[in-house]
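Participant: Protein chains in written order, with this note's numbering: chain A, 1 to 419; chain B, 420 to 673; chain C, 674 to 1151.
Treat the hints with caution; some may be incorrect.
Derived DSS-like pairs (lysine-lysine); straight-line CA-CA distance at most 27 Å [stated by the list, open to error]:
#1 A:Lys179 with A:Lys303
#2 A:Lys303 with C:Lys1025
#3 B:Lys558 with B:Lys542
#4 A:Lys44 with C:Lys991
#5 C:Lys1025 with B:Lys433
#6 C:Lys1025 with C:Lys1140
#7 A:Lys44 with C:Lys816
These are computed hints drawn from the structure, not numbers from a lab.
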Amino acid sequence: MSAWLQQVIERGQGIDDWLSPARARALDALSNTSWPTRCTESWKYTSLTALEQLDLTAESAEQPSTVEPIPGVDGLDLVFKNGVLQTDLAQLNLPAGLQITSVQTTSAVQQVIATTLFSQIKPKHHLFGLVNDALAGDVLFIDIEQNSHIGQPIRIISLSTGGHESHHRVLVRLGNQAKATLIEQALGQQNSLSTGFTECDLGEQAELEHYRLAMHTGEAIYFGGCHFCLHHHANLNSTLIGYGSQLSRTDIDIIHNGEHAKAKLNAVYLLGESEHFDLHSTIEHAKPNGTTEENVRGIVGDKANAVFNGRIHIHRDAQKTLAELNNRNLLLSRRGQINTKPELEIYADDVQCAHGATVAEIEEEALYYLMSRGISRSKALVMLNYGFIQELINQMPNQQLAQWLEPQLRARFKEMEVR
Amino acid sequence: MLTIKNLHARVEQKNILNNLNLAIKPGEVHAIMGPNGAGKSTLGYVLSGREGYEVLDGQVDFQGQDLLEMETEDRARHGLFLAFQYPVEIPGVSNMEFMKESVNAMRQHRGEEPLTAAEFLKKAKEACKQVQLPLDFLKRGVNEGFSGGEKKRNEIMQMILLEPTLCILDESDSGLDVDALQVVANGVNSQRDGKRSFIVITHYQRLLDYIEPDFVHILANGKVVKSGDASLAKQIEQEGYAFLGLDTSEEASA
Amino acid sequence: MTEQIQEALSRKYEAGFVSDIESETFAAGLDEDVIRRISAMKNEPEWMLEWRLRAYHNWLGMEEPDWAHVRYPKIDYQAISYYSSPKSMKDKPKSLDEVDPELLRVYEKLGIPLYEQEMLAGVAVDVVFDSVSVVTTFREKLKEAGVIFCPISEAIQEYPELVKKYLGTVVPRSDNYFAALNSAVFTDGSFVYIPKGVRCPMELSTYFRINEQNTGQFERTLIIADEGSYVSYLEGCTAPQRDENQLHAAVVELVAMDDAQIKYSTVQNWYPGDENGKGGIYNFVTKRGLCHTNAKISWTQVETGSAVTWKYPSCILKGDNSVGEFYSVALTRGHQQADTGTKMIHLGKNTKSTIISKGISAGQSNNSYRGLVHMGPKADGARNFTECDSLLIGDRCGAHTFPYIESRNPTAKVEHEATTSKVSDDQLFLCKQRGLDAEKAVSMIVNGFCKEVFKELPMEFAVEAGKLLEISLEGSVG
């Protein structure tokens, strides 16, 4: 038992609210968890040393916490700052069929529903998911009634600033045939620790358009997760953008819990400097006739380290599943590293499953072609790098969001050291 | 415009160009023919500065400047254009983005203001029409999923947009049917203005029916073995390279 | 159709018989004393004993690995006998004529008629019966070429300098739990040395077979191909039927010096256990090769046996331009579990590796590919291509793929692809419509699935592998 984990447990024991029974289970699990080392399979390439040595007492200048709107995206903004919800939920003008409450304001009925989500979708093995179970302060519950189509994207921003530790949680329930768009943006760059976990339950034929922008950089340590449970004919389209900080880890789980569900997950990570980004995704096909398409692309420059573990698990009776995972990486620098592991675990025979992974550099031939048209080497590299991920960015259903992201993504390439 | 003197070059330890000499004046069209392995494509790559093509000896003067000293992109900005025999596919980078970047790099070099998106789009659409490519090609990835003929036409479209001073066409006719050949030839001819020069690398006389050359050079074993006017190409069409005493067995087997 | 398959699947293990040969066996248990006795039985020099004892102490401080996708009851290492020698071997035979005729009949039953192989295939066979090398054929002919091919126990006596120089250099004593155990207690195995510039005039072959009840077999193989030499080595394994699981923890070390080539082929058919998953061999093997400049090591394996397989024949591509290859067919049925694959460690410039893995799962078995491709910071221009295909037969089995890719060099290129398929009803229908029965159809389809690997096997072996697959598969259609 590490000292860090010990103090988490002690703090967790001090929290008393209606989520306490669920928190107690997490605390119990945590006290039986051994601290990960490089020998722990799911932490093989990610060291927790930065967390063990974290000192939040150092003074740091307060960051402005204003949130820029995304042009063209008329989002319903919900802002967490250091785990504390800044938005006055009572003041929100919510469309019919949508309810948003926090742990303090949740009605008794909603508490019952929320209890069926909290720590119920997220698998128990995520260490920092358990930490979040124990310590999450403001738990946001977004409830979308069946048949409700919420056109306005719900945007959840979580900011972490220097010297703070924070844990926030989001629970989302989409009723049968409901539709919604959720944009989750997590950011911060100063010395801090934050965890942010989201659990989404997609009812029958529900559709969710989801974006996770894991934009922590610099000194900010971040552990996050998104966990989806898909019922009959549910449809998930999720895009993840990952930057890296000194320690940044995201876990995604998609569980096909009903037949004919469809999931599409596109992920892009761009790392420079000494950034570290670790993405673990698990797709569980527990029911037949499900479809999963997962595309993950990463670019690594400077001394950065990218870790990807993409697991597809087809359960015994999940016949007629179609599942594909494709992971492509560009390694730009001699000092950077890419560690990737696509995994297939298959227990049903009548399925079509495939995965592929590549690590390469930008093709010299393409570079020459661009340069032969007068484009400078550095510009050509940015174009080709962006081109490598653009195919996935172009697939984002919300193109306003894509356009807002584009200059930010390109700027990251400009700063990357190549070879 | 271009003077090549005593050029020797090699690729992967193999000498390809051996004492090649060639002089091109503004407005001239030079056709280069010759058996496979003669060094025709290598000449295009060496002139445009492709990595891996090592110049062992010789000088190349391009409009009063030492071409071999320049980087690939600088050669392009000085007006040298190579239409590739096998244009590479670049998924993810759109034709539009690519060409706009490229056109503006040229303009910047000439001290001109970059084109706005609208200005560029107008020009690009015109060029697109000229080579008979549908407009949606501008939005697609560079050469991505294009047929052989579409790739060749895309090269000509780029040539029209970039307004180079010296164009090297590397087998821009290979794999084209008669209609496509005419489109390519018309594109080239539209750019003949008495100042712009062309090097047309080809295997077949038929392209030269559309693009009439001022000079025809036969390249073999890395050097020019015979030069003449357009009639030389016709002679080769009829008699092959044999009358030049060249060993063409390599071509026969290729 | 399913019934036919079940019927065929329940077919008995062909190599499952026990030969009645008197043997000398140590009592179960492992301590320093046992190691000293093994060493003494072999008349080993002091340095060898020291080496074993250090390995033993390494082993004591290690834990049995648990990361593989396999489940088996805990092994009681004190319940295993670490030495067994057929008694009649006390006076070693000088030629085949002197070999116990009962032993020869055993091999005949296995379909390895020594004489025939000797005469027809021109294969030199180093036969290991439990722990002692019985006879080595073609020694003289090889000697002429300067090739040394002998039991490793003999090499320790006769070529101590060579053994000392290379033993444990590719698979260190403390490399992993099973390798450490092997280093402490190995009883025999083969030793091969090919001198500079020599192309070994024939394919070298060893058949391993576990006979005695509850004896672990810990053979150790060391092959050194000196500069510019070439050798092709074949290894075949069978074991008789036993109720209790038998442990097999072998170590194979290959050293390919500059410009040398080693081709190592294995057909493994240890007893897989009965239809209820009772019995069978635990095959925990460490195989690794080291390639110097321009060298090439090629592993080809056809794995159809063993209850549990834990095996990753690997290549350390240390020298510039060196090449590593891994071609594998792993077939599991019944309750078999296989976790097998390779590691390609690219250290030198322009190193290349190819991995082709074909996994076939039937019955209630689990078949996993586990592989590592590592591109080191100095592996400029290195290339890897990996293809892993799984074929599932029936809906009670599992097929898994765990490829690790680690790249530290921007000029290196890694490509990995994996697919999963089944023998489709359409394929079966077509074959049957053309007059083939289900069994034949499946075996044909599976053979086609494995073609890429079989073509890497030496001719005689490829035929044997095909037959083995056919026998193992008979009827496994769902």
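Participant: For each hint, tell me whether it holds in the structure or not.
Facilitator: Here's how the hints hold up against the structure:
| no. | hint | in the structure |
| --- | --- | --- |
| 1 | A:Lys179 with A:Lys303 | violated, 41 Å |
| 2 | A:Lys303 with C:Lys1025 | holds, 25 Å |
| 3 | B:Lys558 with B:Lys542 | holds, 15 Å |
| 4 | A:Lys44 with C:Lys991 | holds, 24 Å |
| 5 | C:Lys1025 with B:Lys433 | holds, 24 Å |
| 6 | C:Lys1025 with C:Lys1140 | violated, 32 Å |
| 7 | A:Lys44 with C:Lys816 | violated, 49 Å |
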